[in-house]
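Asker: Kindly generate the complete structure, drawing on both the sequences and the hints.
Read off the chains here:
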Amino acid sequence: MSVKKKFKGLSDKAVGWLFIGPTVLLLLAINIYPLVYAIKMSFTNFYANKIGREPQFVGLKNYIKVLNKEAIWEKMQVTASFMFWTLLLQAIIGLGLALLLNRKFKGNELLTTLIVLPMMLSPAVVGVFWTYLYNPQVGLFNYVVNFFYDLGSFDMIGSSTLAPWAIVIVDTWMWTPFTMLICLAGLRSVPNYLYEAAEVDRASKWQQFIYITLPSVLPFLLLALLFRGIENFKMFDMVVELTSGGPGSATELASINLKREAFEKWKTGYSSAFAVILFVTIFGFGNVYVKVMNKIKER
Amino acid sequence: MDTSRSYLEPSSFSKKMAAAIIIVYAVITLIPISWMVMTSFKNVDSAISYPPEVLFEPSLEGYVNLFTNRSRQSQEYLDSLPAPENWYEELVRSREMVITGPSKFLGRYSNSMIIGFGSTFASVFLGALAAYAFSRFRVPLKDDLLFFILSTRMFPPIAVAVPIFIMYRKLGLGDTHLGMIILYTVVNLSLAVWLLKGFMDEIPKEYEEAAMIDGYSRLQAFFKVVLPQAMTGIAATAIFCMIFSWNEYAFAVLLTQFNAQTAPPFIPTIIGEGGLDWPAIGAGTTLFLLPVMIFTIILRKHLLRGITFGAVRK
Numbered sequence: 001m002s003v004k005k006k007f008k009g010l011s012d013k014a015v016g017w018l019f020i021g022p023t024v025l026l027l028l029a030i031n032i033y034p035l036v037y038a039i040k041m042s043f044t045n046f047y048a049n050k051i052g053r054e055p056q057f058v059g060l061k062n063y064i065k066v067l068n069k070e071a072i073w074e075k076m077q078v079t080a081s082f083m084f085w086t087l088l089l090q091a092i093i094g095l096g097l098a099l100l101l102n103r104k105f106k107g108n109e110l111l112t113t114l115i116v117l118p119m120m121l122s123p124a125v126v127g128v129f130w131t132y133l134y135n136p137q138v139g140l141f142n143y144v145v146n147f148f149y150d151l152g153s154f155d156m157i158g159s160s161t162l163a164p165w166a167i168v169i170v171d172t173w174m175w176t177p178f179t180m181l182i183c184l185a186g187l188r189s190v191p192n193y194l195y196e197a198a199e200v201d202r203a204s205k206w207q208q209f210i211y212i213t214l215p216s217v218l219p220f221l222l223l224a225l226l227f228r229g230i231e232n233f234k235m236f237d238m239v240v241e242l243t244s245g246g247p248g249s250a251t252e253l254a255s256i257n258l259k260r261e262a263f264e265k266w267k268t269g270y271s272s273a274f275a276v277i278l279f280v281t282i283f284g285f286g287n288v289y290v291k292v293m294n295k296i297k298e299r
Numbered sequence: 300m301d302t303s304r305s306y307l308e309p310s311s312f313s314k315k316m317a318a319a320i321i322i323v324y325a326v327i328t329l330i331p332i333s334w335m336v337m338t339s340f341k342n343v344d345s346a347i348s349y350p351p352e353v354l355f356e357p358s359l360e361g362y363v364n365l366f367t368n369r370s371r372q373s374q375e376y377l378d379s380l381p382a383p384e385n386w387y388e389e390l391v392r393s394r395e396m397v398i399t400g401p402s403k404f405l406g407r408y409s410n411s412m413i414i415g416f417g418s419t420f421a422s423v424f425l426g427a428l429a430a431y432a433f434s435r436f437r438v439p440l441k442d443d444l445l446f447f448i449l450s451t452r453m454f455p456p457i458a459v460a461v462p463i464f465i466m467y468r469k470l471g472l473g474d475t476h477l478g479m480i481i482l483y484t485v486v487n488l489s490l491a492v493w494l495l496k497g498f499m500d501e502i503p504k505e506y507e508e509a510a511m512i513d514g515y516s517r518l519q520a521f522f523k524v525v526l527p528q529a530m531t532g533i534a535a536t537a538i539f540c541m542i543f544s545w546n547e548y549a550f551a552v553l554l555t556q557f558n559a560q561t562a563p564p565f566i567p568t569i570i571g572e573g574g575l576d577w578p579a580i581g582a583g584t585t586l587f588l589l590p591v592m593i594f595t596i597i598l599r600k601h602l603l604r605g606i607t608f609g610a611v612r613k
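Chains as they are written, first to last, in the working numbering: chain U, 1 to 299; chain D, 300 to 613.
There could be a bad hint or two in this list.
For the chain U half of the interface with chain D, some residues (derived, Cβ under 7 Å), not all of them [as the list claims (entries may be wrong)]:
(1) ASP12
(2) PHE19
(3) ILE20
(4) THR23
(5) LEU27
(6) LEU100
(7) ARG103
(8) PHE105
(9) LEU121
(10) ALA124
(11) VAL128
(12) LEU133
(13) GLU241
(14) LEU258
(15) THR268
Keep in mind the hints are simulated off the structure, nothing from the lab. For glycine and all other residues, C-beta sits at the position ideal for the given N, C-alpha and C.
Answerer: Next comes the structure, spelled out in structure tokens:
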């Protein structure tokens, strides 16, 4: 460390602060300040559209209101079932595709790129064009389904039993490649000598899969599901454009409800309390999940 | 790293089966995208015919409708006009309409470009600086600081949108390009720092130390030696930031209206007579998706590496 003085220019410490400073300041201003502000507002009866009025402190009233509202629990249920089905399907299909791609056949890389395309698209724009595919009169999706199994006329977006599946299908179509890529990275990281040793021990292919492949890819799969879980808990854009939460509130996810309370009814205090509750939920679940994930990894 | 499996290589039959299934999946998954591109070249009638038309007479009506505003006119009025000057006017006239002016699409598209490139440049630049410092220097509370940077990604955008909305209104940043550039820069920063730190860690310290012994200052060594070495990582990170800013919808729809709105909130609002104008929406979607698809295919190696990077390192 004594050689430091010999170099010209700023000291390492100064350069360090110079380099990290702007990032930390920006994050504080645009991320942390709004969050603190939202927490503060959640204890008041503030309405962001009424500029002149001084907000009053109301204690925990907003939180009690949110937690006692039956409709909120319905939204949470809609969100939970959306997350359950999308994560389950993306885990199974994504892992399956990764296992197939890992066979390294010809044209492998090009096919991977093509499969990945849907996840590069704008979710809002994806939502719009799926309303066309799902159109009960002229939609391609309806045509294809009827081609294989005649259901007659059905409306994926207009029916409250089908709409939740409509958003699950689109999300799965769009994001399965993500799980697939992460799993593929996991599969490629398994050292060959494990398989070679298993061959020597005369382990069957099936045993190799259960005892070598699956345990090594599992941490990667869990990590992919963590990212997807966080994203789908916050899901807003694609669903807003596809079903806008309807019909009724069949696909009204937590984020969509939050947007209605905050930007249509302008109940800033109430919606901030809801936002804080959502944030604590995702943070809590995320933490527990990471702990479990690390336990599995250690084994 | 050599990952070939010597005698464990899968049999040629199982390879062929795998390839067949993957090809089927790829075809199915590309149908929605190809359908939208096809729709953009249909005319309004053929877009709403049933059964859906796979073979159709191509038309540029969707693209004309995307870029223009039109109004319906009576036949007498149309007859009284001088002959149409160009092909697109003729096309619109054949629908008993006249062009009243350009649509907002071009403006929205260029907003997407300005905000996308501006914020990508800023987040990659700031991210590279921070990543370098985290990678090379002893920073107090390093791990906490890194986790703090990552955790900012967990906030639902709607949760912070109201405070940002109020703050921007006070600062005069509401509905401005600068405001959106700053916002997207910050959202992307956490990812940029994390990705770039991984890439910086891979560059041997000896490179810049050698340069510094030759008389470079730390700053010069960073800009002239480290940055060029990190170019692959910077490219991968830049693509991610660009794709995010390009596709972002929630903040754009909540915080902008006239001046700085990007294309994603605009495309769904394209409405023709009697419902949505599907060829025009198809055209808007196609033009909007085109840069991302080209990017993805050209830069696939960097991109795939970037996606799996975080996972592989852990």
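Asker: Hints first: check each against the structure and report whether it holds.
Answerer: Hints, verified against the model:
1. ASP12: This hint holds: U/ASP12 lies near chain D, its Cβ roughly 6 Å from the closest one there, short of 7 Å.
2. PHE19: 4 Å, holds
3. ILE20: 5 Å, holds
4. THR23: Given a least distance of 4 Å, the restraint on U/THR23 holds.
5. LEU27: 6 Å, holds
6. LEU100: 4 Å, holds
7. ARG103: 4 Å, holds
8. PHE105: 4 Å, holds
9. LEU121: 6 Å, holds
10. ALA124: Holds. Min distance 4 Å.
11. VAL128: Where the cut-off is 7 Å and the nearest Cβ of chain D is about 5 Å from U/VAL128, the hint holds.
12. LEU133: 6 Å, holds
13. GLU241: Since chain D brings a Cβ to about 5 Å from U/GLU241, closer than 7 Å, the hint holds.
14. LEU258: 5 Å, holds
15. THR268: Given a least distance of 6 Å, the restraint on U/THR268 holds.
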